[in-house]
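Trainee: Sequence order for the protein chains is C and Y.
Going left to right, the first sequence walks through residues 1 to 430 as this note's numbering numbers them.
Going left to right, the second sequence walks through residues 1 to 430 as this note's numbering numbers them.
No lab work stands behind these hints, which were simulated from the structure alone.
Keep in mind that this is a model prediction, so the values were computed, not measured.
Any given hint might turn out to be false.
[To be verified] Keeping only pairs whose Cα atoms sit at most 30 Å apart, straight-line, the calculated DSSO-like set for lysine-lysine is:
(1) K123/Y <-> K373/C
(2) K130/C <-> K243/Y
(3) K335/Y <-> K300/Y
(4) K64/C <-> K27/Y
(5) K130/Y <-> K123/C
(6) K123/Y <-> K123/C
(7) K64/Y <-> K161/Y
(8) K27/C <-> K64/Y
(9) K335/C <-> K309/C
(10) K243/C <-> K123/C
(11) K373/Y <-> K64/C
(12) K300/C <-> K123/Y
Number of protein chains: 2
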Amino acid sequence: MKNYLEMSKHERRKALEEQQKLYEQQKAAGLNLDMSRGKPDATQLNLSMDMLQQNPYDLIYTRKGTDVRNYGELAGVDEAKELFAELLGLKMENIIMGGQSSLALMYDTVIKAFVLGVYGGSKPWGQQGKVKFLCPVPGYDRHFLITQEFGIEMISIPMKKKGPDMDLVRQYVESDPLVKGIWCVPKYSNPTGITFSNDTVEAFAALKPAADDFRIFWDNAYFVHGFRDKDDQLMNIFEACEKYGSEDMVYEFMSTSKVTFSGAGVAVLAASKHNIDFLTRQMSIQTLGYDKINQLRHVKYFKNVAGLKKHMQKQANYLRPKFDVVLAGLERGLKGTGIGKWSNPNGGYFISYDGLPGTAKRCIDLCAMAGVKMTPAGATFPYGIDPEDKNIRIAPSFPSTPELYQSMNIFCICQKIAALEKLLEEKDNE
Amino acid sequence: MKNYLEMSKHERRKALEEQQKLYEQQKAAGLNLDMSRGKPDATQLNLSMDMLQQNPYDLIYTRKGTDVRNYGELAGVDEAKELFAELLGLKMENIIMGGQSSLALMYDTVIKAFVLGVYGGSKPWGQQGKVKFLCPVPGYDRHFLITQEFGIEMISIPMKKKGPDMDLVRQYVESDPLVKGIWCVPKYSNPTGITFSNDTVEAFAALKPAADDFRIFWDNAYFVHGFRDKDDQLMNIFEACEKYGSEDMVYEFMSTSKVTFSGAGVAVLAASKHNIDFLTRQMSIQTLGYDKINQLRHVKYFKNVAGLKKHMQKQANYLRPKFDVVLAGLERGLKGTGIGKWSNPNGGYFISYDGLPGTAKRCIDLCAMAGVKMTPAGATFPYGIDPEDKNIRIAPSFPSTPELYQSMNIFCICQKIAALEKLLEEKDNE
Numbered sequence: 001m002k003n004y005l006e007m008s009k010h011e012r013r014k015a016l017e018e019q020q021k022l023y024e025q026q027k028a029a030g031l032n033l034d035m036s037r038g039k040p041d042a043t044q045l046n047l048s049m050d051m052l053q054q055n056p057y058d059l060i061y062t063r064k065g066t067d068v069r070n071y072g073e074l075a076g077v078d079e080a081k082e083l084f085a086e087l088l089g090l091k092m093e094n095i096i097m098g099g100q101s102s103l104a105l106m107y108d109t110v111i112k113a114f115v116l117g118v119y120g121g122s123k124p125w126g127q128q129g130k131v132k133f134l135c136p137v138p139g140y141d142r143h144f145l146i147t148q149e150f151g152i153e154m155i156s157i158p159m160k161k162k163g164p165d166m167d168l169v170r171q172y173v174e175s176d177p178l179v180k181g182i183w184c185v186p187k188y189s190n191p192t193g194i195t196f197s198n199d200t201v202e203a204f205a206a207l208k209p210a211a212d213d214f215r216i217f218w219d220n221a222y223f224v225h226g227f228r229d230k231d232d233q234l235m236n237i238f239e240a241c242e243k244y245g246s247e248d249m250v251y252e253f254m255s256t257s258k259v260t261f262s263g264a265g266v267a268v269l270a271a272s273k274h275n276i277d278f279l280t281r282q283m284s285i286q287t288l289g290y291d292k293i294n295q296l297r298h299v300k301y302f303k304n305v306a307g308l309k310k311h312m313q314k315q316a317n318y319l320r321p322k323f324d325v326v327l328a329g330l331e332r333g334l335k336g337t338g339i340g341k342w343s344n345p346n347g348g349y350f351i352s353y354d355g356l357p358g359t360a361k362r363c364i365d366l367c368a369m370a371g372v373k374m375t376p377a378g379a380t381f382p383y384g385i386d387p388e389d390k391n392i393r394i395a396p397s398f399p400s401t402p403e404l405y406q407s408m409n410i411f412c413i414c415q416k417i418a419a420l421e422k423l424l425e426e427k428d429n430e
Numbered sequence: 001m002k003n004y005l006e007m008s009k010h011e012r013r014k015a016l017e018e019q020q021k022l023y024e025q026q027k028a029a030g031l032n033l034d035m036s037r038g039k040p041d042a043t044q045l046n047l048s049m050d051m052l053q054q055n056p057y058d059l060i061y062t063r064k065g066t067d068v069r070n071y072g073e074l075a076g077v078d079e080a081k082e083l084f085a086e087l088l089g090l091k092m093e094n095i096i097m098g099g100q101s102s103l104a105l106m107y108d109t110v111i112k113a114f115v116l117g118v119y120g121g122s123k124p125w126g127q128q129g130k131v132k133f134l135c136p137v138p139g140y141d142r143h144f145l146i147t148q149e150f151g152i153e154m155i156s157i158p159m160k161k162k163g164p165d166m167d168l169v170r171q172y173v174e175s176d177p178l179v180k181g182i183w184c185v186p187k188y189s190n191p192t193g194i195t196f197s198n199d200t201v202e203a204f205a206a207l208k209p210a211a212d213d214f215r216i217f218w219d220n221a222y223f224v225h226g227f228r229d230k231d232d233q234l235m236n237i238f239e240a241c242e243k244y245g246s247e248d249m250v251y252e253f254m255s256t257s258k259v260t261f262s263g264a265g266v267a268v269l270a271a272s273k274h275n276i277d278f279l280t281r282q283m284s285i286q287t288l289g290y291d292k293i294n295q296l297r298h299v300k301y302f303k304n305v306a307g308l309k310k311h312m313q314k315q316a317n318y319l320r321p322k323f324d325v326v327l328a329g330l331e332r333g334l335k336g337t338g339i340g341k342w343s344n345p346n347g348g349y350f351i352s353y354d355g356l357p358g359t360a361k362r363c364i365d366l367c368a369m370a371g372v373k374m375t376p377a378g379a380t381f382p383y384g385i386d387p388e389d390k391n392i393r394i395a396p397s398f399p400s401t402p403e404l405y406q407s408m409n410i411f412c413i414c415q416k417i418a419a420l421e422k423l424l425e426e427k428d429n430e
C-alpha cells in the first residue's frame, strides 16, 4: 500500500473517496459488534465449567478442618493462599483472598487509605489535602476512574518500551510527599501489552518516597496470561524490594477473572507481612470473610500451580487465534500506509493501536456508526483525555473470529478515513 | 428455688459454697464449648447442600440471556433482584445484589458516605466534623465496631419492648444535624429478639432529620427467621415512608448468610430509586459486579418466595429445639432466684439475658474458665461497655444439643456465683 504521508493532496482525496465508498457498504451491512472490553466469550468461559462440576461434598472442609460454608478464616482458606502465594513467588502469610473482583479490592484499599490510612503512614490520605497518583499512559481506564472518583490528582507518566519512564516516576515520588501511589499493570500491560523489564522493577523497588504512606498498586492481572510460545518474564517485585527493605511499599493484586469466570472468580491481594496484618485488622471490621466455598472450588480444581498453568494453556490456545485475526487484519488493511502502529503482545487481553495524532476519536465514532463498538477514545488516559488523540485499545477476546475479521476490515477503513481527513485538513492549513 | 434477693447473708454464703463446689466439678470436666457467635452448625449448613448440587449448565443464562459467568449486570441479575424485592415487599428497581456479606455492604455504604457522600447530602460525612450515630442497646456488636472504626460518635438509645425509645431517637435526629445514622435490627433483634412494632416503624418513617444526609441502617438480618408457630410481623418501612415521602432516608440490608451459607451466601441492599441510582453510580467505579453465578444458584434453588420460605421452615425445625434446650436450662437453673431475666424470641439467633448489675463480666469470665466461651461482656454496647454490666448474649445455634445442655448448666452456676458474690459484697458494704 502506498504511504499516506507521502501522497499528494489529489491522491489523498481519491483514496478518501474510495474508503468512504467501502465504508458505506460496510455500514449498510448493519453490523453490531463489540470490541470495547477485554472480556472472555462464552466458549472461553466453557473451558472452566469442570470447576463447577465438582461434588459439593468435596468442597466443605479445608485441610485443617475448617467448614468453608460457615463464617471464619477472614483472610481466606490456607490452601488458596498457598496456591496464589506460590504462583506469585511469595509466602502464604503475604496473601489475603478477596471476593470475585480485584478491582473491588483496589477500590477498597484506596478508600480505606483515604479514611483510615495505611501501615506506617502518619495520617489518612484524606487528611493531607489534594493527594496525587502517578498514572502510566496509556493505561487501564478503570484504575483512573477510581483515582478520579476520590478527587486524587492524576499525573500522566509516559510508558516506554520497558515500562513507565522511571526517571520521571522517581522524580515525582522522591520529591513530593503528596504523591501517594502509582497504578501499574506490570505484565502484558493494559493496553500496551508490554512487560516491565528487570531494570524497571528494580527501579520501583529502589524508590525512596517523600511520603511515608506511598504505595505501588501492582495490578498483576495478566501474570499467567501468555499465549505465545515465548512468555514474558516479570521479576518478582517483592524479591527486588528485599534488597532495599522497601516491601511495605507494594500492594500486588490479581484475580481469576480471566482464569476461570469474569463474574465469579476469586481475587488476591499480596503484600508484606506488615501490610497484611494492618489490612486484615481493617478487614475484621468489614466482614467475616469472602466466599470460601468458591476459594476451595478454585483450589481443588487447579490442584496446584502446575494445574493452573495447564488450565491457562487451554485459554492461550483459544485466545491466540483471535489476536492473530486482528493482527492479520491490521497488516492487511494498514501495512505501508504509515498512519498507524500497533503492539504485538505475547499475552494479555489487548492490542494497543496508535494512529496519527487527532484521529482516534473520529475513527471510533466512524466505527460506532458502522456498528463496531470500540473502547472510547481517551479511555486509556486520566480524565478520559488522550492529549494526542491517537491511542485506541483493541480487545480481541469477546467477538467471534468472523466478527473480528469484519470488525478489523471496518476498523482499517475508519482509520484510513480519519487519517486522510486529518492529512487533507492539515494540507489545507499549510 | 429460693429468691437470692431475699436470702440472709448466711444463706447466701452457704449457697455460694454449694455453687462453687458444683463449679469445680464442671471445671474438672475440661469442656471446650463455644456459644459466642450466632452461626449455624454443620448439620444446619447441610440443609442447603442441594443448592450446590444443581447442574452448572443450568446456571449460565439469566432469563434475558445474560451469561452470568461473564462481566456485566452490575447491580445483580434480574431474577435475584425480583425474588428479594418480593420478599421485602419492594420492586426490582429498589434492589442491589451484593457479595456474600451484608455486613460488608453496610461497611461499604458507611465508608462511601464518609468520602463521597449520600444522595441529597450537601457534603460527605467526613467533611462535617465529628458525626454521630444512634445505637439502640443492647445491639449488634459488629454494627458498633463499624461506627467506632470511622471515629463516629455513638449515642446509646435504650431498647424498649416495641423497639428503640423513639422519643429519644426523634429528639436526637430532629435537633442535631451531625446525627447521620441509626443502626437497627428491626425483626428478631440482635440480641433482644424483639420485633419493632408498627408504631415504632411509623415513628421511624415520620422522622424529619435535621441533617440532609441522615440514613436509617435497617439491617433486616432475620426477616424470614421465625422458628415458632407464631411469626412476628414487621411493617414494611418503605410503605410507611410513602406517607411521609421519606423513603430516601432508609437503607435496608439482608443476606442469605443464615438462609443458605454463612460463608457463601448473597447479600442485598434495598433502597429508594434515588438511592439505588446514586449507589449504583458509585458502584460502577468499584467493580463490574458481584458473583452472579451464586446469585443465579440461589434463585434457581429457591425458585420463588414460597420456595425460600419452605427452605426456612427446615432451618426453623432444626433451630427451635436448640433454643428450647437453652430456655429449659435457664428455667431449670435460675427460675425463682430473682437474679436474671431472659428473652424468649419467636425467631432470630439470640437469647438476651440480663443478670444483676455488675455481674455480666464476672459470669462470662467464670464460664470461660470452665470451658464455655460466651460473647464478651459489653459486646452488645457501643465501645464494648455495658454501663450496668448485666447483659449477656446467648447464641444457641452452633453447639450441639448435649453441648447446649452442659453449657447452660455451667452458665447458670456461673450466674449464681456472680450474683451471690455481688450480693454478699453489697451486704458487706451496708
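Trainee: Does the structure break any of the earlier hints, and which numbers would those be?
Mentor: Per hint list: 1, 2, 3, 7, 9, 12 violated.
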